[in-house]
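Colleague: These are the residues of each chain, in order.
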Amino acid sequence: MSNAEAKMTATIRILRRERERRRHSLSEFEGDGTQRLITLTREETVMGRSPDAHLRLSSKRASREHAFLRVRGNDCVLVDNESRNGVILNGVKVHSAVLHDGDVIQVADNVFVYHED
Amino acid sequence: MAAFVKFWGTRGSIPTPASWTRVYGGNTPCVEVRFGDTVFICDAGSGIRELGKDLLKRRPAPKHLHLLISHTHWDHIQGFPYFAPVYLPSTQIRVYGRHDNGVSPYQLLSGQMSSDYFPVSFKDLGASIADHDLGGRKMIDGVAVSAFPLNHPGGCQAYCFEKEGRKIVYATDNELEIGAWDVFPDPDNKGPLRRCPKALIKAMQGADLLILDAQYDDKEYAAKRKWGHSSCYSATDLAIQAKAKSLALFHHDPESTDRAIDEKVQWCRQRAAAHGAALNIMAAREGVELKI
Numbered sequence: 122m123s124n125a126e127a128k129m130t131a132t133i134r135i136l137r138r139e140r141e142r143r144r145h146s147l148s149e150f151e152g153d154g155t156q157r158l159i160t161l162t163r164e165e166t167v168m169g170r171s172p173d174a175h176l177r178l179s180s181k182r183a184s185r186e187h188a189f190l191r192v193r194g195n196d197c198v199l200v201d202n203e204s205r206n207g208v209i210l211n212g213v214k215v216h217s218a219v220l221h222d223g224d225v226i227q228v229a230d231n232v233f234v235y236h237e238d
Numbered sequence: 281m282a283a284f285v286k287f288w289g290t291r292g293s294i295p296t297p298a299s300w301t302r303v304y305g306g307n308t309p310c311v312e313v314r315f316g317d318t319v320f321i322c323d324a325g326s327g328i329r330e331l332g333k334d335l336l337k338r339r340p341a342p343k344h345l346h347l348l349i350s351h352t353h354w355d356h357i358q359g360f361p362y363f364a365p366v367y368l369p370s371t372q373i374r375v376y377g378r379h380d381n382g383v384s385p386y387q388l389l390s391g392q393m394s395s396d397y398f399p400v401s402f403k404d405l406g407a408s409i410a411d412h413d414l415g416g417r418k419m420i421d422g423v424a425v426s427a428f429p430l431n432h433p434g435g436c437q438a439y440c441f442e443k444e445g446r447k448i449v450y451a452t453d454n455e456l457e458i459g460a461w462d463v464f465p466d467p468d469n470k471g472p473l474r475r476c477p478k479a480l481i482k483a484m485q486g487a488d489l490l491i492l493d494a495q496y497d498d499k500e501y502a503a504k505r506k507w508g509h510s511s512c513y514s515a516t517d518l519a520i521q522a523k524a525k526s527l528a529l530f531h532h533d534p535e536s537t538d539r540a541i542d543e544k545v546q547w548c549r550q551r552a553a554a555h556g557a558a559l560n561i562m563a564a565r566e567g568v569e570l571k572i
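Protein chains in written order, with the working numbering: chain A, 122 to 238; chain B, 281 to 572.
Worth flagging that the hints you see were computed from the coordinates, not collected in a lab.
Quick reminder that beta carbons are idealized off the backbone N, C-alpha and C, glycines included.
Just to be clear, a hint being listed does not mean it is correct.
What the hints assert, rightly or not - Interface residues of chain A toward chain B, partial, derived using beta-carbon atoms under 8 Å: (1) Thr130; (2) Ala131; (3) Thr132; (4) Val219.
What the hints assert, rightly or not - Result set (BS3-like, lysine-lysine): computed pairs, CA atoms no more than 27 Å apart in a straight line: (5) Lys333(B) / Lys214(A); (6) Lys571(B) / Lys214(A); (7) Lys333(B) / Lys343(B).
Pulled out of the complex, with its shape left as it was, chain A reads as follows:
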């Protein structure tokens, strides 16, 4: 294998690895229509009212540790943590779900749209 071919092979391998590593994010829509983008960098993101939650929710309807977003391989999984008011995915109350691009997540009074790159 020539040097050029070896370099190309290495580049393809790196690009493929990058492509396989999906990036997960949420956009949150505030009451005034403004949008906040939240990139999910942790293996587990805690959503809740607790000051220790990674994604803090101010609503009184939110439980302290309301839900988790867990990155598992290429997937991002939403899990309800036995919360009082549950988690709504595209209008349906779910216990857990593998998320897909464009999913609308409602946690207490907060609404998020899930994105995957």
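Starting from the structure of chain A, add chain B where the hints point.
Modeller: Only chain B this time, still in chain A's reference frame:
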């Protein structure tokens, strides 16, 4: 104690991996119904492969599994040879299903593993796999499990799970036939509720969750009468008449895109609202787990 229902395969007829089936999934039927440590598996379509991997990751990994086969058409048994727990000597699997002409689902599951079809013989599987008869209704670990017949070429049966006031019904591969007295097709989606078999309404009465065959819309059904599947409108009408709380549209057509399934859900919700029914409607989606 709550029950959990997880969809591992929701597609009918044949596995359909495609960009346009990513959301609802392309695997053929497999639904897990869990009460505490007791795991019931409805059908062994290709979705059972991922369930098998997941079961092995759980701590403790469940060793006693109840596999309920609705019928033995390919899409409901094809995943069985790829279900990892069957290779483990520590696993015990009880197989339930219809016995037709002396032939059990167990025999047909093993038949698809003859050397002409699959490299590993059924007799070489590590797990202890036994044929069991529900006999109509049986208590299994405190869960009342019953079966009732459905309308499908060659026969099929539904399963009902009840415990402590919770009721879940898995009823796929069922044709709700549309009679001359019904409004069909119903392009305005405003027709009266279609007549559904009284036996089904009774068996499904008051269910917390109905998982129903809703492979077609009215237009598709018109071209596929007697194929053994239902229009989503008819499934909605059955759920309304059974006074169910939630309905999961199931056994999606291989030709149905994610967008088409979303549209079916919207139409069915409009239909339920038009009839004043307090019925939650969703489309069964791979990877989604519900708490009942």
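Colleague: For each hint, tell me whether it holds in the structure or not.
Modeller: Results for each hint:
1. Thr130: With Cβ-Cβ at 28 Å, over 8 Å, it is violated.
2. Ala131: Violated: closest Cβ of chain B sits about 29 Å from alanine 131(A), beyond 8 Å.
3. Thr132: violated (26 Å)
4. Val219: holds (3 Å)
5. Lys333(B) / Lys214(A): holds (26 Å)
6. Lys571(B) / Lys214(A): holds (9 Å)
7. Lys333(B) / Lys343(B): holds (13 Å)
Violated hints, listed in ascending order, are 1, 2 and 3; each of the other numbered hints is respected by the structure.
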